[in-house]
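S.K.: Chains A and B, in that order, are what the protein sequence lines are.
According to the numbering used here, the first sequence holds residues 661 to 1073 in order.
According to the numbering used here, the second sequence holds residues 661 to 1073 in order.
For the record, the hints were derived by calculation from the structure and aren't laboratory data.
Heads up, some of the hints might be wrong.
Said to hold, decoys possible - The calculated lysine to aspartate or glutamate pairs, modelled on EDC-like cross-linking and capped at a C-alpha distance of 20 Å, are:
| # | chain 1 | residue 1 | chain 2 | residue 2 |
| --- | --- | --- | --- | --- |
| 1 | A | K788 | A | D827 |
| 2 | B | K706 | A | E709 |
| 3 | B | K706 | B | D834 |
| 4 | B | K847 | B | E1056 |
| 5 | B | K706 | A | D827 |
| 6 | A | K991 | A | D950 |
| 7 | B | K715 | A | D677 |
| 8 | B | K847 | B | D691 |
| 9 | B | K706 | A | D675 |
| 10 | A | K1027 | A | D992 |
| 11 | A | K706 | B | E709 |
| 12 | A | K715 | B | D691 |
| 13 | A | K847 | A | D827 |
| 14 | B | K897 | B | E689 |
| 15 | B | K991 | B | E1056 |
| 16 | A | K967 | A | D992 |
| 17 | B | K869 | B | D836 |
| 18 | A | K786 | A | D834 |
| 19 | A | K898 | A | D956 |
| 20 | B | K687 | B | D950 |
| 21 | B | K687 | B | D894 |
| 22 | B | K1024 | B | E1056 |
| 23 | A | K706 | B | D716 |
| 24 | B | K715 | A | D675 |
| 25 | A | K898 | A | E1056 |
| 26 | A | K706 | B | D675 |
| 27 | B | K788 | B | D691 |
| 28 | A | K687 | B | D691 |
| 29 | B | K687 | A | D716 |
| 30 | A | K715 | B | D677 |
To be verified - Okay, the calculated beta carbon distance ranges per label pair:
| # | chain 1 | residue 1 | chain 2 | residue 2 | range |
| --- | --- | --- | --- | --- | --- |
| 31 | B | S778 | A | A949 | 21 to 29 Å |
| 32 | B | R772 | A | D675 | 29 to 37 Å |
| 33 | B | D956 | A | D675 | 55 to 63 Å |
Ideal placement from N, C-alpha and C gives every residue a C-beta, glycine not left out.
Number of protein chains: 2
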Amino acid sequence: MARLVLKFGGTSVADLDRIRNVAQHVKREYDAGNEIAVVVSAMSGKTNELVGWAKDASPMHDAREYDAVVSSGEQVTAGLLAIALQNIGIPARSWLGWQIPIHTDDTHGAARIKSIDSDNLNERFKEKQVAVIAGFQGISENGRITTLGRGGSDTSAVAIAAAIGADRCDIYTDVDGVYTTDPRIVKQASRMNKISYEEMLELASLGAKVLQTRSVEMAMNYNVPVMVRSSFDDPSKKLETGTLVCREENIVEQQIVAGIAYSKDESKISIRNVSDVPGIVAGIFGPLADANINVDMIVQNISTDGKFANVTFTTPTSDLPRALETLEAIKDSLGKPEIVSASNVTKISIVGVGMRSHAGVAAKMFKILSDRSINILAITTSEIKLSVLIDAEYTELALRALHSAYGLDAEEA
Amino acid sequence: MARLVLKFGGTSVADLDRIRNVAQHVKREYDAGNEIAVVVSAMSGKTNELVGWAKDASPMHDAREYDAVVSSGEQVTAGLLAIALQNIGIPARSWLGWQIPIHTDDTHGAARIKSIDSDNLNERFKEKQVAVIAGFQGISENGRITTLGRGGSDTSAVAIAAAIGADRCDIYTDVDGVYTTDPRIVKQASRMNKISYEEMLELASLGAKVLQTRSVEMAMNYNVPVMVRSSFDDPSKKLETGTLVCREENIVEQQIVAGIAYSKDESKISIRNVSDVPGIVAGIFGPLADANINVDMIVQNISTDGKFANVTFTTPTSDLPRALETLEAIKDSLGKPEIVSASNVTKISIVGVGMRSHAGVAAKMFKILSDRSINILAITTSEIKLSVLIDAEYTELALRALHSAYGLDAEEA
């Protein structure tokens, strides 16, 4: 017997048929003798509809009322799943954020969980009752409904798993696990059996949209093993597939590089012929930081005579207009440099905890790209990640070459 | 300055445009210096959709989960109206049943309000804040959401008005008041300025679908004046029209007959040639009561030789099949009488507190019908009501004749 949290996203509870399918997944785990808490999102599309209404009522809507409106979506699916479970003989009860309660701060629309009272749930587990919990929501100190922000149901699930000491948190989604890279681009991409929290965090923040970054951080902090699996698999069969996100030491066969991610959402800004005087870099990035613009990679080149510099950096494409505006405003103080931007760039990142202990991982990456005449526009590194910026047109070529070179290609079937 | 409860039904909050219109009604009353609590229903059609889903999830759905699902409809409109009010500069906050809290018993799906804690609302009135309250819902002793049953938002509104000591409860609906009879049938029907609780109760239970019976009972018990008015009137103008439901003594110009209602939802069952022995009536109506079948009017005729009786009674048409089944099962014990039923009957009722003190009201009714050769099939009376059963084809003729005879016809414009 284990204690499990099962989380089902919006596409998994999109209509009554899908909700009945979820009930079968829950039944399989329940019949195996487990104690089960289920966390559900709103039916897919429902949250967007509610958000649209709130915006229609007022573009500057009060976040507290927004939360009251939007949280109703998860309330509906929690009640419906409880009914569907009872209908197949599984004792179940729905739980809203305020009923458990899940205490959060009062940052409405993006609240953070402060504590979860597990007494109510533990009591029901003793009675063999399944708890069906509305994800994405909690209650603030002054009794108002809060929501955790988009994708918050993953965070709800992991937080509840931590609070009730669950053996595992299963995130059911529309893919059957985490892949070594995007299978739409690299046919040989394969599902990982296990991945460490650290690697998942790097991949999640790089845009592999399987898990919310916050939920992975929380899973790591509380050491909650998280299984990513598909709700579209036959619910009557024991699910063998999926990717387990867990501690590094629980992964026996460690790859040097676990996965390769890419992001097309970055833009490049080059500032050419800035006067190279002390403080000039601060003069550029200070105002950008003040304007809350995210800057990722930075490259600085000094002209041969040492008098001028070229500064290149990347920023999310969504921040690009504001970044250019900010730079235009300080252009004079920088000596009126030429400012050019480009959005046809891709950031490619290799991620793996093995990189800590293995030298030559970076050199190999540079050689592979160079062999294919792919120019590296910028580089950033972390302990377990190496990212390069390249022209977007080389994205597929680079991904395939790197995937193969780091030994990630699946065996041909 | 007054303290008001304004209640808006489903058609009044059917979409964002209608919700903005409601906000203007609230603004008018707020700007006049009143303290305002608003009670809202779900957008029209929304509750039916949620009920449909619950039924789809399981025909035998758990009433507790049904309540969790269905109560979300009012939650959405409460939040949206609060946003719409803030958008036009009115401080507002939404309140769900559990937040106030509105304590109910645990009869899920048809809960009764036990008490309402008005402290939170009173606190906000001091801050000049409008309270937007989700109607139709409360919280049970063990922390579960309850709903009050269909039309429960009227009851919520009146109960809140009683709890906060409101000067009046305004029920905004899609008609502009209570009429002396159905204006679709009688062109001369006129809107009443005032009607007593007792008369409204009789009319409400007779199918004048303006107000829920329970809400009128509660208004009477707590002496809450209730104004029925239209949300379709121009919200920018002070509303002069509407019908005030209040104590009898507050109505100066009392009509003998206040209104005339009719119901086509009744069926007639005749049992012919029952042996007229003691206990035979109990032998008929006992089993019907055991089967939870409502019986309204009863007429018994004895045959000339005193040996047989004919028993005729009415029942809601929805109960007719079960009533016939029940009678079939006891037919032998009644001496195998002939049992015939008819649904082409109408119950016409004249209602008025003046009937208590004025003789001849009934005689006048019988004469008017007799003059038009309308046969009376059955009669029932209460202190302030007189109902007759007639053939359905005479409905319009009878209504118009009675409406005119009791002086209710509006002056021609």
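S.K.: If a hint holds in the structure, say so; if it doesn't, say that too.
M.R.: Going through the hints against the structure:
1. A:K788 with A:D827: With Cα atoms ~17 Å apart, K788 (chain A) and D827 (chain A) stay inside 20 Å; holds.
2. B:K706 with A:E709: 13 Å, holds
3. B:K706 with B:D834: Holds, at roughly 17 Å.
4. B:K847 with B:E1056: 11 Å, holds
5. B:K706 with A:D827: Violated, at roughly 39 Å.
6. A:K991 with A:D950: Holds, because 16 Å separates the two Cα atoms, which is no more than 20 Å.
7. B:K715 with A:D677: 13 Å, holds
8. B:K847 with B:D691: 37 Å, violated
9. B:K706 with A:D675: At roughly 16 Å apart (the allowed maximum being 20 Å), D675 (chain A) and K706 (chain B) satisfy the hint.
10. A:K1027 with A:D992: 40 Å, violated
11. A:K706 with B:E709: At roughly 13 Å apart (the allowed maximum being 20 Å), E709 (chain B) and K706 (chain A) satisfy the hint.
12. A:K715 with B:D691: 25 Å, violated
13. A:K847 with A:D827: 34 Å, violated
14. B:K897 with B:E689: 10 Å, holds
15. B:K991 with B:E1056: At roughly 37 Å apart (the allowed maximum being 20 Å), E1056 (chain B) and K991 (chain B) break the hint.
16. A:K967 with A:D992: Given pair K967 (chain A), D992 (chain A) holds - Cα atoms ~17 Å apart, limit 20 Å.
17. B:K869 with B:D836: Status holds; Cα separation ~13 Å.
18. A:K786 with A:D834: 32 Å, violated
19. A:K898 with A:D956: 43 Å, violated
20. B:K687 with B:D950: 52 Å, violated
21. B:K687 with B:D894: Distance of about 12 Å is within 20 Å: holds.
22. B:K1024 with B:E1056: Given that 20 Å is the threshold and the Cα spacing comes to 18 Å, the pair holds.
23. A:K706 with B:D716: 18 Å, holds
24. B:K715 with A:D675: 13 Å, holds
25. A:K898 with A:E1056: 36 Å, violated
26. A:K706 with B:D675: 16 Å, holds
27. B:K788 with B:D691: Holds. K788 (chain B) to D691 (chain B) sits at ~11 Å (cutoff 20 Å).
28. A:K687 with B:D691: This hinted pair is violated, its Cα atoms lying about 56 Å apart.
29. B:K687 with A:D716: 19 Å, holds
30. A:K715 with B:D677: Distance of about 13 Å is within 20 Å: holds.
31. B:S778 with A:A949: 21 to 29 Å: 50 Å, violated
32. B:R772 with A:D675: 29 to 37 Å: With a Cβ separation near 34 Å, R772 (chain B) and D675 (chain A) satisfy 29 to 37 Å, so the hint holds.
33. B:D956 with A:D675: 55 to 63 Å: 43 Å, violated
The earlier numbered hints that this structure contradicts are 5, 8, 10, 12, 13, 15, 18, 19, 20, 25, 28, 31, 33.
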